[in-house]
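Student: This is what each chain is made of:
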Amino acid sequence: MAERVTRELFLGEGAGTGGGPHNVQVNMGPAHPAMHGIIRIVAELDGEVVVKADMEIGYLHRAFEKDCEAGPYNNAIPFTDRLNYVSPLINNFGYCSAVEKLLGIDITERCKYVRVIMSEISRICDHLTCVGASAMELGAFTVFLYMIKAREFLWELVEDVTGARLTISYGRVGGVRADLPPGFDLKVKKAFGETRQVLEEVHSLVTRNRIFMDRMVGVGVLSAAETVAWGITGPLLRAAGVAYDIRRAQPYWAYSKIDFEIPLGKNGDNYDRYLVRMAEMEQSMRIAEQALEGLPGGSIQVDWEGRAIDPAAYVDRGKQGKTEGLLLVPIKLSPNLLGQDRAAHARMDSGDKRVTLPPKETTYGSIEGLMNHFMLVMDGYGIRPPAGEAYVAVEGANGELGFYVVSDGSDRPYRVRCRPPCLPPVAALPRMIEGEMVADIIPTFGSVNMIGGELDR
Amino acid sequence: MDGDAILARLRERLGARVLHTHAQGGDHTAVLTREAVPEALAICRDTADLRFDLLVDITAVDYLRFPGREDGPRFEVVYHLYSVPHNHRVRLKTQVEEDDAVVPTATGLWPIANWLEREVWDMFGIRFAGHPDLRRLLMYEEFVGHPLRKDYPIDRRQPLIGPKV
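Protein sequence lines correspond, in order, to chains A and B.
Take the first sequence: its position 3, counted from the start at 1, is 5 in the numbering used here, and no numbers get skipped.
Take the second sequence: its position 50, counted from the start at 1, is 56 in the numbering used here, and no numbers get skipped.
Worth flagging that the hints you see were computed from the coordinates, not collected in a lab.
Values in this document were obtained by computation on a predicted structure and should not be read as measured data.
Please note that a few of the clues may not be correct.
Chain A is faced by these chain B residues, among others (derived, beta-carbon under 8 Å) [claimed, not checked]:
1) G31
2) D59
3) V62
4) V84
Cβ atoms here follow ideal geometry from the backbone N, Cα and C, with glycine treated the same way.
Next comes chain A alone, as it looks inside the complex (with noise of 0.2 Å):
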């Protein structure tokens, strides 16, 4: 059991302890600004102190699993986006690593190097979301406005490869959309260094700050045996102490071949979970930096030469039957199909003809590459896996993201299931603000960063 703390309190008579009868209950939520508009806590408040608290959440509940089910494997990335909309890369991800299990493909190394990179990109616009509107509920309101614009530049880096910033559907089974653009690498290390001037300013502005230290140092603990008993990962299990994080305890992708450490916490308070979200920022940026550098494939630079030709004309000559030495030209590609030339295709997707979409070039430009094409978007065909089950779990902003498929040979999924990371803190949360005080509650929902959309699904 975890050690409470104690504090003394001056609420006179009658208040603060015990006092049955006077207990009151109180609605926070779901239109209280603190819960995020999504989520109800009935508190029973004996004077300041909350005594009992229970959970209601499934406002944003969207049938996710049920949409699943109802289309081919490919029509649910764009659902796994709205699972956790502040770090979606890593749910698209997660969903098509499972789909490629149950299927027994395996991906291109500089893919698994872009998904490694693309997550941890994501995974510090979580961290920086959740540390920045924490902030903002204790009242520190400069420390959002900075971390914001960090997430700012991050985001940058997100449209500039997936095309857009919140909904970006950049994974696919066996692959993803396109390349990263040329010179991806000088804008990382750009957002990276304003990043990691932020990240010292939130420092000196709040870590050792005396009303900042007051509301999260000792409050909402758990130990480390009852968070794993509550089923709890990632952030809030390494600020307890417990050194589980699956990209180490068992890598996936590239993250076997990078160095990075795992910070870890002590207390299991809110202030260590602080402490460890912003360190994990600066490993995620090491980690990004490494798989950049060791991207394997040669320069992410394309080079269009000789001569270009616009796709709409490419698709007529196709039309009037000139395809002599057509799969020959080399064409430019309109601005939203960057990086699936026919180079970045074979670099970026496992190749396996069941499962990823043949290049534009293939497509417009022989039957062959038509026909393949048509496989994969008809109804009734497209991605048909063997009969069987999977599940794959990746390391989330919030912790471990799992997914389990079930295939019955179809083309469509017969069950997908998400474990949502932040379930299990949301449900353990009543077990931590129980016995403090109700201004105790905001700090400690912030710290357990609830996400609507990936909890209620």
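Mind docking chain B on chain A? Use the hints.
Tutor: For chain B alone, coordinates are given in the frame of chain A:
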């Protein structure tokens, strides 16, 4: 401990109550009788060389329309376990019929089982015997049916519940 050894240990302890084991794609799985579930979970958690201290997930699958399994037990309840000290995983499953969809609860072993089982009840209508507080988790109290069952149509609409007039 590797997956095969874990399954062997379970077979040794539970005997014929382990109906079937497999290791598809490296995920070691044991299918148990329903009655063996609490004991199996306790063995997994408490045996020194198994020590599955983290209950990762409880979920279910409705096999109503699964080709070749239409006649078998309708539901399968799936437990995913992970061991932090030993760094290994296992998946336990048990099958239940539709007209007797009850599984013993795991809330006595892991507190997180409370919410996970509530979600399975909510989505599939599988009851957990001995659960202290089996309410719906994601849907609202007045919701009729269990949405993740295969015979629940995806486009069914139910009235939104407002204040009573």
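Student: Give a verdict on every hint.
Tutor: Hints versus structure:
1. Against a cut-off of 8 Å between C-beta atoms, the interface hint on G31/B holds, since the closest Cβ of chain A lies about 5 Å away.
2. Evaluation of the D59/B hint against chain A yields a held restraint, the C-beta minimum of about 5 Å falling below 8 Å.
3. The criterion of a C-beta within 8 Å of any C-beta in chain A is met by V62/B, whose closest approach is roughly 6 Å, and the hint holds.
4. This hint holds: V84/B has a C-beta 7 Å from the nearest C-beta of chain A, less than the 8 Å allowed.
Hint check: no violations occur; every hint is consistent with the structure.
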